[in-house]
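Q: Now for the letters of each chain:
2 protein chains.
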Amino acid sequence: MSRAYNFCAGPATLPESVLQQARDEMLDWRGTGMSVMEMSHRSDEFVEIAETAENDLRELAGISDDYAVLFMQGGASSQFSTIPLNLLGNKTSADYVNTGIWSKKAIAEASRYGTVNVAASSEADGFTTIPDQSRWETSADAAYLHYTPNETIGGLEFDFVPDTGSVPLVADLSSTMLSRPLDVSKFGLIYAGAQKNIGPSGLVVVIIRKDLLGKARKETPTMMNYQVIADNDSMYNTPATYSWYLAGLVFKWLKARGGVQAMGEINLRKAKKLYDFIDDNDFYANPIDPRFRSWMNVPFTLGNDALNGDFLKGADARGLLNLKGHRSVGGMRASIYNAMPEAGVDALIAYMAEFAKERG
Amino acid sequence: MSRAYNFCAGPATLPESVLQQARDEMLDWRGTGMSVMEMSHRSDEFVEIAETAENDLRELAGISDDYAVLFMQGGASSQFSTIPLNLLGNKTSADYVNTGIWSKKAIAEASRYGTVNVAASSEADGFTTIPDQSRWETSADAAYLHYTPNETIGGLEFDFVPDTGSVPLVADLSSTMLSRPLDVSKFGLIYAGAQKNIGPSGLVVVIIRKDLLGKARKETPTMMNYQVIADNDSMYNTPATYSWYLAGLVFKWLKARGGVQAMGEINLRKAKKLYDFIDDNDFYANPIDPRFRSWMNVPFTLGNDALNGDFLKGADARGLLNLKGHRSVGGMRASIYNAMPEAGVDALIAYMAEFAKERG
Numbered sequence: 001m002s003r004a005y006n007f008c009a010g011p012a013t014l015p016e017s018v019l020q021q022a023r024d025e026m027l028d029w030r031g032t033g034m035s036v037m038e039m040s041h042r043s044d045e046f047v048e049i050a051e052t053a054e055n056d057l058r059e060l061a062g063i064s065d066d067y068a069v070l071f072m073q074g075g076a077s078s079q080f081s082t083i084p085l086n087l088l089g090n091k092t093s094a095d096y097v098n099t100g101i102w103s104k105k106a107i108a109e110a111s112r113y114g115t116v117n118v119a120a121s122s123e124a125d126g127f128t129t130i131p132d133q134s135r136w137e138t139s140a141d142a143a144y145l146h147y148t149p150n151e152t153i154g155g156l157e158f159d160f161v162p163d164t165g166s167v168p169l170v171a172d173l174s175s176t177m178l179s180r181p182l183d184v185s186k187f188g189l190i191y192a193g194a195q196k197n198i199g200p201s202g203l204v205v206v207i208i209r210k211d212l213l214g215k216a217r218k219e220t221p222t223m224m225n226y227q228v229i230a231d232n233d234s235m236y237n238t239p240a241t242y243s244w245y246l247a248g249l250v251f252k253w254l255k256a257r258g259g260v261q262a263m264g265e266i267n268l269r270k271a272k273k274l275y276d277f278i279d280d281n282d283f284y285a286n287p288i289d290p291r292f293r294s295w296m297n298v299p300f301t302l303g304n305d306a307l308n309g310d311f312l313k314g315a316d317a318r319g320l321l322n323l324k325g326h327r328s329v330g331g332m333r334a335s336i337y338n339a340m341p342e343a344g345v346d347a348l349i350a351y352m353a354e355f356a357k358e359r360g
Numbered sequence: 001m002s003r004a005y006n007f008c009a010g011p012a013t014l015p016e017s018v019l020q021q022a023r024d025e026m027l028d029w030r031g032t033g034m035s036v037m038e039m040s041h042r043s044d045e046f047v048e049i050a051e052t053a054e055n056d057l058r059e060l061a062g063i064s065d066d067y068a069v070l071f072m073q074g075g076a077s078s079q080f081s082t083i084p085l086n087l088l089g090n091k092t093s094a095d096y097v098n099t100g101i102w103s104k105k106a107i108a109e110a111s112r113y114g115t116v117n118v119a120a121s122s123e124a125d126g127f128t129t130i131p132d133q134s135r136w137e138t139s140a141d142a143a144y145l146h147y148t149p150n151e152t153i154g155g156l157e158f159d160f161v162p163d164t165g166s167v168p169l170v171a172d173l174s175s176t177m178l179s180r181p182l183d184v185s186k187f188g189l190i191y192a193g194a195q196k197n198i199g200p201s202g203l204v205v206v207i208i209r210k211d212l213l214g215k216a217r218k219e220t221p222t223m224m225n226y227q228v229i230a231d232n233d234s235m236y237n238t239p240a241t242y243s244w245y246l247a248g249l250v251f252k253w254l255k256a257r258g259g260v261q262a263m264g265e266i267n268l269r270k271a272k273k274l275y276d277f278i279d280d281n282d283f284y285a286n287p288i289d290p291r292f293r294s295w296m297n298v299p300f301t302l303g304n305d306a307l308n309g310d311f312l313k314g315a316d317a318r319g320l321l322n323l324k325g326h327r328s329v330g331g332m333r334a335s336i337y338n339a340m341p342e343a344g345v346d347a348l349i350a351y352m353a354e355f356a357k358e359r360g
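First to last, the sequence lines map onto chains L and A.
First residue of the first sequence: 1, per the UniProt record's numbering; consecutive thereafter.
First residue of the second sequence: 1, per the UniProt record's numbering; consecutive thereafter.
In isolation and in its complexed conformation, chain L is listed as follows:
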């Protein structure tokens, strides 16, 4: 088929123009006679690709020189251990906010390295809302506070940045990175697996305030030591060069589209359109507190679960792919990251309307 609309939660759709450029440069990057994936990571050509990507990301996200930007491997899941290993320092506990499956994974891994104080949880509410910060029970001596600004599976997103005073704020921004403006200066550390809004899997971007470097525990694997990675410009060993290059192409695409301010407006419009349709149509439902609905991941259920298979089959036939919800929650989920065109959301809504009319 021609290009489909791919609503996968990650790895996710990429901008078509980015893939076209990668295709055109596959055998010969700018007359070098080499693919980017064949280049030495220490060559002038690749170092330029890498630095340009970092600079574009700094410009897009507004990252000051107070922060190091690291291009690491292992995905966000590796960061679940890397963070406590590096940030607990001489403290023994950290605060975590539990808002869904990804929060819980981060909590489980951190608990292996220190005491986790769950400062707030919406588990009793089925993870349909964000606990009001006035009720959070933070600990006096936490090394940091970790939260998940957007829960990819639940479709729950913070509409505020927690205020943690002098305690470093740590955020898993995997599924919402660069989708709307964010004040990076409020964070101690931000991490994001690339395979949603940045590029292909196999890359995780870490933005860390420099005063938090150099606190790694002695048992920290060298490749997980932020200080080592920062000191070596993310080239202590061979980085995931091709993923880094593709991330750079995505950053250029974002800049050409007007950056995160413009993306935020488009993303809000896409999300509002879809949620409005779901709310107005009796056949579909979304369980999340409207204030905290994710702009990126939109779970929804049909009025009759027995029709799920038919819904997915009809969607596939129209080139609307990967709408099946995560196995842990069921139903459907439409992930509408930066690279999902508004026309894709329109096509999804048109199909949903048709299906509800015929089968609802």
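Since the hints were made in silico from the structure, they are not lab data.
Hints should not be assumed to be uniformly reliable.
The list treats identical chains as interchangeable, and a pair is accepted whether it falls inside one copy or across any two copies.
Claimed, not checked - Each computed BS3-like pair below joins lysine-lysine, with the alpha-carbon atoms no more than 27 Å apart:
(1) LYS105 x LYS215
(2) LYS104 x LYS324
(3) LYS313 x LYS105
(4) LYS313 x LYS210
(5) LYS215 x LYS104
(6) LYS324 x LYS186
(7) LYS186 x LYS255
(8) LYS273 x LYS210
(9) LYS105 x LYS218
(10) LYS210 x LYS186
(11) LYS218 x LYS91
(12) LYS218 x LYS104
Using the hints, position chain A against chain L.
A: Frame of chain L; chain A shown alone:
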């Protein structure tokens, strides 16, 4: 320019037909309307890609069901810590053989987790030879013995597999994987960063005998726990999907070329041709004991170091790229992995002859 001959040590040249296929499938893999890098790692399509790659690798390398094959992230450098964390078990020491820069890096990292007994070293010989196994001083209670079958920087390669009896043998095969036949059943664990003979960087292949699983220390990051990765078919988290796909294309290419038996013959011929030329020409020299010269990485020096710059400039002009030796040893280095065509070696020799004649 058209495709160059790229002698980079890694990331390294890839087969042109593999890159062509990747290019042609970039926007739409087999009518799915998606790039492979946009596919869910849990989709039927990607699982088929992943399983086919593993099965082809098993067939190529002759890997029995006694072994798990893992597709991990972080490169060989991450394995330097992953190995002691997983294999020391209830023992406290391991044997390491020191034959060059990569051995030393593995030793340094392992020393952070236990006692390293350097069973043999050729450091006193400037890493130009392999110590005879009859003189190795192994320890009685080693958890495993680690060695580096091919030293990418020094250009030194074992022509035998050490006999370690019941002690598991662990090998960093990054730069020699699949370049010649190897009896996997002699090993406890083999690991190989992909960016030399397998595919793009951001992927490391681990082949581990199943009885060695399940011994990870409690502080092992979950993403470094071989048992967890094996239990989840290397999909505990999102793997480096696009690199895995490309590795699969390389495996198909190797099978079509006749597998490791045929590659071994071609590689030996390529290496012999280059070493014979170096030995026969007074202007060039290679310092390695002829018995242990690497088939993959051929370091050489010119008769006059002051001509190094001119040599490299002339090579670049002819599309013979990345011949500069590693900064730690100087001189030149030609890496001639599987994907380097014999014609590339011929072109290099022709240029070397011409340069020696004119400037030597």
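Q: Output the numbers, in ascending order, of every earlier hint that fails for this structure.
A: 3, 4, 6 and 8
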